[in-house]
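Peer 1: Go ahead and model the full structure; you've got the sequences and the hints to work with.
Protein chains: 2
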Amino acid sequence: MLISSEKQKAVMTENGTHNGVSNGTTSEPSALSEQELEAINETWTLIWNDKKNNGIELFIKLFTHFPESQNFFKDFKGLPIEEVREHKKLRAHALSVMYALKSFIDNLDDEETLDALVRKNAQNHAERGVGEREVKMLLPAFLELLNEQLQEKTTDLHKSAWTKLFGVIALVAREEQNHLK
Amino acid sequence: MLISSEKQKAVMTENGTHNGVSNGTTSEPSALSEQELEAINETWTLIWNDKKNNGIELFIKLFTHFPESQNFFKDFKGLPIEEVREHKKLRAHALSVMYALKSFIDNLDDEETLDALVRKNAQNHAERGVGEREVKMLLPAFLELLNEQLQEKTTDLHKSAWTKLFGVIALVAREEQNHLK
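Read top to bottom, the protein sequences are chains A and B.
Per the UniProt record's numbering, the first sequence runs over residues 1 to 181.
Per the UniProt record's numbering, the second sequence runs over residues 1 to 181.
Hints are computed from structural coordinates only; laboratory data are not their basis.
Hints may contain errors.
As the list claims (entries may be wrong) - Simulated pairs of lysine-lysine, DSSO-like, Cα-Cα distance not exceeding 30 angstroms:
1. K164/A with K102/B
2. K89/B with K52/A
3. K52/A with K102/B
4. K102/A with K51/B
5. K77/B with K181/A
6. K159/A with K102/B
7. K164/A with K52/B
8. K88/B with K51/A
9. K89/B with K52/B
10. K88/A with K51/B
11. K51/B with K51/A
12. K61/A with K102/B
13. K164/A with K88/B
14. K181/B with K164/B
15. K136/A with K159/A
16. K77/A with K181/B
17. K102/B with K74/B
18. K88/B with K181/A
19. K153/B with K136/B
20. K74/B with K102/A
21. K153/A with K102/A
22. K102/B with K88/A
Claimed, not checked - Just so you have them, the derived chain A footprint on chain B, three or more residues with Cβ under 8 angstroms:
23. 82 to 94
24. 97 to 109
Idealized CB from N, CA, C, for every residue including glycine.
Peer 2: Here it is in structure tokens:
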């Protein structure tokens, strides 16, 4: 489960979900502590304050770490990275991802809504062949962006918090990919 | 064009788009004035402040005005409206729409980004058979919700502003539906 709390246990008993992730057969990310939740909220504000540029940088880092990921976007296939950076479709996609992440982070305290939001996003992406693997590819790009925004002062707490959150998103992505099979 | 300003004319000359909408062959919504832009920003804050409930109410109103629209969602088909209201997939869909609208409204001053965001959203929906007609069905539900939030004090300015914004979204939806044909 993602959040370790008494409230969380009650939610688990009531409807079999925990912190937004339905109880499945796949392995589960470990719980996010209250400190980790705070760390996510605090550091997210930095990213969100310049969402347009940070969203673009996130994708540029993804394409730099994993050049093959550029091919997921038919408009960017084969383009030099500097042309991709200026592409208006990158700006739109990057902003969409930022608004989706914001919707998740705004609902970290509402397990059922969080589950439904992450799952809906995962379904849309699974239909396009984007899933667990791609979420995992995005994490190092995100952590690098965060470290730059924090002027190289990312702590272990920041890293564990965001790694767990991406772990939840990846887990739901895998579940929704399996549903399509 | 959506915004009538000197800046806007410059944007039109430079890249053939105006206020986010590519110059197409379809009829175009008339310009949004500065007053209308302010009216959108002010009234949107009211809606956004309770986005979860307002998003749900928006869809309940849509399904009430146009019962056939409930069938766009396979999970809701045939369900009594009170069961739809409590459905966690409605909450997720409603919130997704609210975050998408927010991304548009946050970018009313950036024509190119607005165009790319509205178009990306329209493409995703067109692939699912949701387009111009459905955007137009959503407008009366939105205006009714707004009127309730404003305690029956919606002005002609509010109505014209939101009607024009929905007109732009509907126009782009039509263009993207035509691209799929």
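Peer 1: Which hint numbers does the structure go against, in order from smallest to largest?
Peer 2: none
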